[in-house]
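Protein sequence lines, in the order shown, are assigned to chains A and B. Each residue of the first sequence is one higher than the one before, starting from 3 at the first, in our numbering. Each residue of the second sequence is one higher than the one before, starting from 547 at the first, in our numbering.
Please note that a few of the clues may not be correct.
As the list claims (entries may be wrong) - Derived list of chain B stretches under chain A, where covered just means 3 residues or more per stretch with a C-beta under 8 Å from a C-beta of chain A: (1) 621-635; (2) 648-656; (3) 664-675; (4) 684-694; (5) 731-738.
What the hints assert, rightly or not - So the derived label-pair ranges between C-beta atoms look like this: (6) A:Ser219 - B:Asp720: 53 to 59 Å; (7) A:Val156 - B:Ile728: 51 to 57 Å; (8) B:His573 - A:Phe149: 51 to 57 Å.
Said to hold, decoys possible - If you want a taste of the chain B side facing chain A, the calculated C-beta under 10 Å gives, among others: (9) Ile659; (10) Ala698; (11) His705; (12) Asn717; (13) Leu719.
In case anyone wonders, no lab produced these hints; they're calculated from the structure. Please read these numbers as outputs of a predicted model, since none were measured by experiment. C-beta atoms are modelled at their ideal positions from N, C-alpha and C, and glycine is treated no differently.
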Amino acid sequence: MFTRVMKLILRTRFSASYFAVIAFVLLYSLISLSGNGVGNGYLYGDLYFTLIIGVFSTISIIFGGISVTKSDQEFLLVSAIRRRDLVPALFTAQFLASGLILLAASLITILGIYRYSALVGIAILDVVLLALFSVSVGIVLTDRSLFLRVPLAVASLLWILSSYLGFKYGAISFLKYDPVLSLLTIFPVTFASMFFAVRILSGENLPYRVSGIRRQSMNFRKTSRYEGLSPNMAILKLGITQISLATRASSMGNIKSTARRIQFSVVLIIFIAIAVGYSIYMLYYAVPSEYISFPGISGVNLVTVFLIIYLGSTPQMIMSSGAMAYERAWLSFMSMEPGSYVNMLIVSKMIQAAIAGIPIAVAGFVLYLLGVQGTLMAIPVFEIVSPFMVGVYLFMAFSVRPYQMKDENYIPARFSANQFLMILPIIGFYIIAFSIIFIPISLVYLSAFMALILALILTRKNYWTRRVNKMVERGFI
Amino acid sequence: MNMEENQGFQFSSYCISADGVWKSYGHQDALKGLTLHIPCGERVALIGPNGAGKSTTLKLLAGLLKPDGGSVAIKGYPPNSYDAKKLIGYLPEDASPYLTLSVRENLEYIGAIRNTPGLADRIESLIDMLELREFEKARTSRLSRGNRQKLALALSIIHDPEIVLMDEPLNYLDIPTQEKVIRFLTEMKATFLVSTHIMSIAERLTDRCLIISHGNRIWEGSMSELRAEAAKDTPIESIVARLMSDVH
Chain A
3 MFTRVMKLIL RTRFSASYFA VIAFVLLYSL ISLSGNGVGN GYLYGDLYFT
53 LIIGVFSTIS IIFGGISVTK SDQEFLLVSA IRRRDLVPAL FTAQFLASGL
103 ILLAASLITI LGIYRYSALV GIAILDVVLL ALFSVSVGIV LTDRSLFLRV
153 PLAVASLLWI LSSYLGFKYG AISFLKYDPV LSLLTIFPVT FASMFFAVRI
203 LSGENLPYRV SGIRRQSMNF RKTSRYEGLS PNMAILKLGI TQISLATRAS
253 SMGNIKSTAR RIQFSVVLII FIAIAVGYSI YMLYYAVPSE YISFPGISGV
303 NLVTVFLIIY LGSTPQMIMS SGAMAYERAW LSFMSMEPGS YVNMLIVSKM
353 IQAAIAGIPI AVAGFVLYLL GVQGTLMAIP VFEIVSPFMV GVYLFMAFSV
403 RPYQMKDENY IPARFSANQF LMILPIIGFY IIAFSIIFIP ISLVYLSAFM
453 ALILALILTR KNYWTRRVNK MVERGFI
Chain B
547 MNMEENQGFQ FSSYCISADG VWKSYGHQDA LKGLTLHIPC GERVALIGPN
597 GAGKSTTLKL LAGLLKPDGG SVAIKGYPPN SYDAKKLIGY LPEDASPYLT
647 LSVRENLEYI GAIRNTPGLA DRIESLIDML ELREFEKART SRLSRGNRQK
697 LALALSIIHD PEIVLMDEPL NYLDIPTQEK VIRFLTEMKA TFLVSTHIMS
747 IAERLTDRCL IISHGNRIWE GSMSELRAEA AKDTPIESIV ARLMSDVH
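Using the sequences and the hints given, assemble the complete structure.
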């Protein structure tokens, strides 16, 4: 029975292309082990791994839940299937959807760091357990409110970052100290998290837990007015002042959707707080050894690099993801010419990204005036590159088989290789941002390149008319 | 009206017309040369078995799909033109409004992007008529299916369209609301093409009936002509079922 349930779950959730991509990345990691000589391809690999595990576990805690389709909820979970068959199948499917991505994204770093160490096995065990933790903690928090999720996310982040503060038993101590020491905390934490996850999946009330009755008020506390606005102003106002959260199936560890919206002002306050914290750090705590320099290129602080790279891309992509998923063709594309509508929507999200970046850009400018090296380039990255990448990201999101959020709390789409295409704009951002940070003159050429790409995106109005037909044919309504 | 907007316009005495329309999804033919002409002001029920091509017909007329063959026009305009969009109010089956907006935000936003004159009054009257007042600030994602359908109905007609295309408009509505909506829609001065499975609703909402099956028209006429197809006391559903089975 287990085999049949597993087969059904795998077929309804995953495409072969999804597994092909993951298998390729895992194989690449293993093959890289057999190379000769000590490579330096793992430069800052520990920071990269910290970031990956930090982002995955935080998103799993904040947005996580039991990953099911609407059909699972209505047929599978209410069928007479023994829990011993259903639970492992559900957990394995969830692990394949998010835990495996985490492993694929991080294993190469660990294998690189431990390639000549006898402790490589323990290090791999640490990573696998952390991936299991990331998946199971999301299941444990299925029907829990944000009031519990947020402090837990903070605690988890502290546990992950504690190794940098000298704690030898932190979640990623195996990167700094010893894989055995980190195992001492990883094992019990993951064991507890797995225990509760299995208990929830085996529970009698599993179908009700998944049904998505969240402790959320019926009404919005704050609503906006659109009456009296011109069509373009209405789109701009909605696009700039609100953020609808949605992610492609399983990307970033998130496995289900909820129709969540956030006021942009909240995000702006967070960006201001980060900018203040960054400025204080750079003025009072930054040390010369943190500066990266290349021959002929002035030094840039490592914190500045990571702040610019990650704060300039991931939040902006998340902020604009819902613009496509919550779109309604029967309303918007029936009200206006699709090309004009999509263009205005893209522009609104680009403006939103530019506004979000202002605090960091201002911090970079002020620090530059105070004589701190390598901070000025935050301005072009946050005010030109980030908005540009949002434009590219949305163009791709609408073009590469867009999915639509129609039902809350269910997987919105099958896991397929297509979702990995959405990583391309982020990689593009990294390349452009790195170039600008370390070779400022490249800004001139890259600006011209970005202007050209953007012009191509925003002038293809007829493309959207054709695109809408394809989207509707595939069920986007 | 500028030249660009005029592109594709052909004078037509019909508000809705489709000539020899073909539409396929992969190897599956949804419509096979469908032809229909609906004069302005007429109310027509689109009836057919599951998979007959009713929803595809409405999507083509709404300009959300493009025919593989044949032509479709709304008052002479191509359905995906801005001129046609101004005239059409479209409600798909299982319509979902913007889930991350409140009820009022949905109405104001769509009213604004449709450039609706007198939007404030229009919203107030629709909210009252559909009894959505207590849900004005409610998250659309938290509405019951029935209230979501009421909102969808309001959104589809917020701009007082001349041509209304509706796919199972009374789905999920309770009986008192169905009565209100039927009364409201019958009072609207518009051309209607309504897809439904429920003959009693078709009889009350429309004057004529168009039955399609396997992507083609199989019968067209007034409701009284449809009744005349059978002996007295035979339910109208039986007549429709017989007409559909004649084609198989």
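For each hint, the structure was consulted:
1. Residues of the stretch 621-635 of chain B lying with their CB closer than 8 Å to a CB of chain A number 4, which satisfies the three-residue condition for coverage.
2. With a threshold of 8 Å between beta carbons, the proposed coverage of the stretch 648-656 of chain B by chain A holds, since 6 of its residues qualify and at least three are required.
3. With 3 residues having a Cβ less than 8 Å from any Cβ of chain A, the stretch 664-675 of chain B passes the three-residue criterion, so the hint holds.
4. Under a criterion of three residues with beta carbons nearer than 8 Å to beta carbons of chain A, the stated coverage of the stretch 684-694 of chain B is upheld, 5 such residues being counted.
5. Taking a C-beta to C-beta cut-off of 8 Å, the stretch 731-738 of chain B contributes 0 residues in contact with chain A, too few for the three needed, and the coverage statement is violated.
6. At about 25 Å, the CB distance of A:Ser219 to B:Asp720 disagrees with the hint of 53 to 59 Å.
7. Distance hint for A:Val156 and B:Ile728: a CB-CB separation of about 55 Å, consistent with the stated range 51 to 57 Å.
8. A beta carbon spacing of about 52 Å between B:His573 and A:Phe149 agrees with the range 51 to 57 Å that was offered as a hint.
9. With a least beta-carbon distance of about 4 Å to chain A, the hint placing B:Ile659 at the interface is held under the 10 Å criterion.
10. Evaluation of the B:Ala698 hint against chain A yields a held restraint, the C-beta minimum of about 9 Å falling below 10 Å.
11. A hinted interface residue such as B:His705 counts as satisfied when its beta carbon comes closer than 10 Å to some beta carbon of chain A; here the least separation is about 8 Å, so the hint holds.
12. Interface hint status for B:Asn717: violated, as the beta-carbon distance to the closest one in chain A is roughly 14 Å, over 10 Å.
13. Checking B:Leu719 against chain A by beta carbon gives a least distance of about 18 Å; that is not within 10 Å, so the hint is violated.
Hints 5, 6, 12, 13 from the earlier list are contradicted by this structure; the remaining hints agree with it.
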